[in-house]
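Novice: Sequences listed follow chains P and W, in order. Under numbering that gives the first Met the number 0, the first residue of the first sequence is numbered 0, with each subsequent residue one higher. Under numbering that gives the first Met the number 0, the first residue of the second sequence is numbered 0, with each subsequent residue one higher.
Because the hints were derived from the structure by calculation, they are not lab data. Just so you know, these numbers come straight off a predicted model, no measurement behind them. Do not rely on the hints blindly, as some may be mistaken.
[Stated by the list, open to error] No farther apart than 30 Å at their CA atoms in a straight line, the calculated lysine-lysine pairs in the BS3-like style are these:
id: 1; chain 1: P; residue 1: Lys235; chain 2: W; residue 2: Lys235
id: 2; chain 1: P; residue 1: Lys79; chain 2: P; residue 2: Lys44
id: 3; chain 1: W; residue 1: Lys77; chain 2: W; residue 2: Lys156
id: 4; chain 1: P; residue 1: Lys146; chain 2: P; residue 2: Lys181
id: 5; chain 1: P; residue 1: Lys156; chain 2: W; residue 2: Lys181
id: 6; chain 1: P; residue 1: Lys234; chain 2: W; residue 2: Lys235
[Said to hold, decoys possible] Chain P residues, not near chain W, derived (Cβ > 12 Å throughout):
id: 7; residue: Met0
id: 8; residue: Asn17
id: 9; residue: Leu19
id: 10; residue: Phe20
id: 11; residue: Ala22
id: 12; residue: Ile28
id: 13; residue: Gln29
id: 14; residue: His33
id: 15; residue: Asp66
id: 16; residue: Pro97
id: 17; residue: Asn128
id: 18; residue: Asn129
id: 19; residue: Glu134
id: 20; residue: Thr138
id: 21; residue: Lys235
By construction, the Cβ of each residue, glycine as well, lies at the ideal position given by its N, Cα and C atoms.
Protein chains: 2
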Amino acid sequence: MKSIVLFGTGNVATHLFNALFEAQNHKIIQVYNHQPGSLAIFQNKISTTSKLDDVVEADIYLLALKDEAIPEIALKLKDKGAILLHTSGATSLSALEPFESRGVLYPLQTFSRNKPVNFNHVPICIEANNSQSLEIVETLAEDLSEKVYHLSSHQRKWMHLAAVFVCNFVNHLYTEGEEICKENNLPFEILQPLIAETASKIENLKPFEAQTGPARRADTGVINSHLNLLQGDRKKIYEILTSSIQNLHGKKL
Amino acid sequence: MKSIVLFGTGNVATHLFNALFEAQNHKIIQVYNHQPGSLAIFQNKISTTSKLDDVVEADIYLLALKDEAIPEIALKLKDKGAILLHTSGATSLSALEPFESRGVLYPLQTFSRNKPVNFNHVPICIEANNSQSLEIVETLAEDLSEKVYHLSSHQRKWMHLAAVFVCNFVNHLYTEGEEICKENNLPFEILQPLIAETASKIENLKPFEAQTGPARRADTGVINSHLNLLQGDRKKIYEILTSSIQNLHGKKL
Numbered sequence: 000m001k002s003i004v005l006f007g008t009g010n011v012a013t014h015l016f017n018a019l020f021e022a023q024n025h026k027i028i029q030v031y032n033h034q035p036g037s038l039a040i041f042q043n044k045i046s047t048t049s050k051l052d053d054v055v056e057a058d059i060y061l062l063a064l065k066d067e068a069i070p071e072i073a074l075k076l077k078d079k080g081a082i083l084l085h086t087s088g089a090t091s092l093s094a095l096e097p098f099e100s101r102g103v104l105y106p107l108q109t110f111s112r113n114k115p116v117n118f119n120h121v122p123i124c125i126e127a128n129n130s131q132s133l134e135i136v137e138t139l140a141e142d143l144s145e146k147v148y149h150l151s152s153h154q155r156k157w158m159h160l161a162a163v164f165v166c167n168f169v170n171h172l173y174t175e176g177e178e179i180c181k182e183n184n185l186p187f188e189i190l191q192p193l194i195a196e197t198a199s200k201i202e203n204l205k206p207f208e209a210q211t212g213p214a215r216r217a218d219t220g221v222i223n224s225h226l227n228l229l230q231g232d233r234k235k236i237y238e239i240l241t242s243s244i245q246n247l248h249g250k251k252l
Numbered sequence: 000m001k002s003i004v005l006f007g008t009g010n011v012a013t014h015l016f017n018a019l020f021e022a023q024n025h026k027i028i029q030v031y032n033h034q035p036g037s038l039a040i041f042q043n044k045i046s047t048t049s050k051l052d053d054v055v056e057a058d059i060y061l062l063a064l065k066d067e068a069i070p071e072i073a074l075k076l077k078d079k080g081a082i083l084l085h086t087s088g089a090t091s092l093s094a095l096e097p098f099e100s101r102g103v104l105y106p107l108q109t110f111s112r113n114k115p116v117n118f119n120h121v122p123i124c125i126e127a128n129n130s131q132s133l134e135i136v137e138t139l140a141e142d143l144s145e146k147v148y149h150l151s152s153h154q155r156k157w158m159h160l161a162a163v164f165v166c167n168f169v170n171h172l173y174t175e176g177e178e179i180c181k182e183n184n185l186p187f188e189i190l191q192p193l194i195a196e197t198a199s200k201i202e203n204l205k206p207f208e209a210q211t212g213p214a215r216r217a218d219t220g221v222i223n224s225h226l227n228l229l230q231g232d233r234k235k236i237y238e239i240l241t242s243s244i245q246n247l248h249g250k251k252l
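Work out the full structure, taking the sequences as your base and the hints as a guide.
Specialist: In structure tokens form, the structure reads like this:
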């Protein structure tokens, strides 16, 4: 049984805390956050601290913190032999260099506080500074999920960027759809089966092949009538996505 | 039992054909398409024709055709008392004006030829030129689906535009994610649980509230490092979607 100190109390930290509660071979022994108030929800369950000096010795220090806090905490923490891990998609492994053993455990999922996630199906991208460290990270990742992938810092950076496109940007397009419905007294629920089907379609079809719509068909009449309805950011989004679909599909046809 | 002549052999027509095969109170008696070759898949099942003069009398003429073909066929077809319907999101009811009874039955879903769809859950937006026509369209829509909505031509135009955002544009962002994976020797399957969760999240959360990511957090460090990786259309997409998220959430905070 390996012991873990978890750093952070945000969405990723909270979901990791819950998932590690069910893990077979790992156990959280302490939660750290610099703001004492944010520790309240953990206090009944586990030892907590808001002082770095009071962080206990453990096998694994797991930083589920904002990107900018990672190198800062890595510098201030004492290396008493624990392996230091972060969970960030956008931060290089080298941010942890003050520690001799270091690694990355990046769970590729969108976490909201009140939505439970089955961690067992969350892809986890891992990396470490040597084979010994990698074994520790891999064992932890496999204790959390069935889906473990070895990615370099370079690959992880691109994977994080791809995630921004397929998750954050996609959700913003859902928001635009929601706003259009609101402005026209239409219930957003009309769009939900379409959203679900669009996502589920690409489990079996490649997204490139699944593309439909006026841009794909080069239907200038419909495209122009849509552009006439739009202005501002929404019009710019329509223009660039339409032209990008046409460039990509025109090029490859 | 009302009789239907179906016009068209594309994705919408094919899925409607299958759904109407199971309908209780409606029966397709003929399929028309101007290209005889495209009728081959229907020939064993039903009477077909590629000549407008040979179109038989029926209660309902259902045009599941490309937008530009709708007014053209409406003009050439003889009005022998059938109600004339189209299935287009972007075409006004007035395109059917040569007919005395006319209506719209717009199934709001993305249809691919080889992916079966449960029509019972497909939202159907309907409209008609008078209450008698509306009753015919409503009865047909309810025979196909549990989800029937009354939309004006104006509302349907906006609903179709919203569908382009949440389906066609979303699928293009999936394609960008797929391309980024390919370029970096990463399997696209890593992104699939994230895509599924992003879509499923908004069944309970409003998209506006579900927004996460660097743009939402105003994380300039990550945004700049992403922009440094990008060029061309992909960079323009990143820029406009990031700035649109910031404008929308900044404004409303």
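Novice: Does each hint hold? Answer for all of them.
Specialist: Going through the hints against the structure:
no.	hint	verdict
1	P/Lys235 to W/Lys235	holds (10 Å)
2	P/Lys79 to P/Lys44	holds (25 Å)
3	W/Lys77 to W/Lys156	holds (28 Å)
4	P/Lys146 to P/Lys181	violated (39 Å)
5	P/Lys156 to W/Lys181	holds (14 Å)
6	P/Lys234 to W/Lys235	holds (13 Å)
7	Met0	holds (28 Å)
8	Asn17	holds (16 Å)
9	Leu19	holds (19 Å)
10	Phe20	holds (21 Å)
11	Ala22	holds (19 Å)
12	Ile28	holds (29 Å)
13	Gln29	holds (27 Å)
14	His33	holds (18 Å)
15	Asp66	violated (6 Å)
16	Pro97	holds (20 Å)
17	Asn128	holds (21 Å)
18	Asn129	holds (22 Å)
19	Glu134	holds (22 Å)
20	Thr138	holds (20 Å)
21	Lys235	violated (5 Å)
Hint compliance for this structure: hints 4, 15, 21 are broken, all remaining hints hold.
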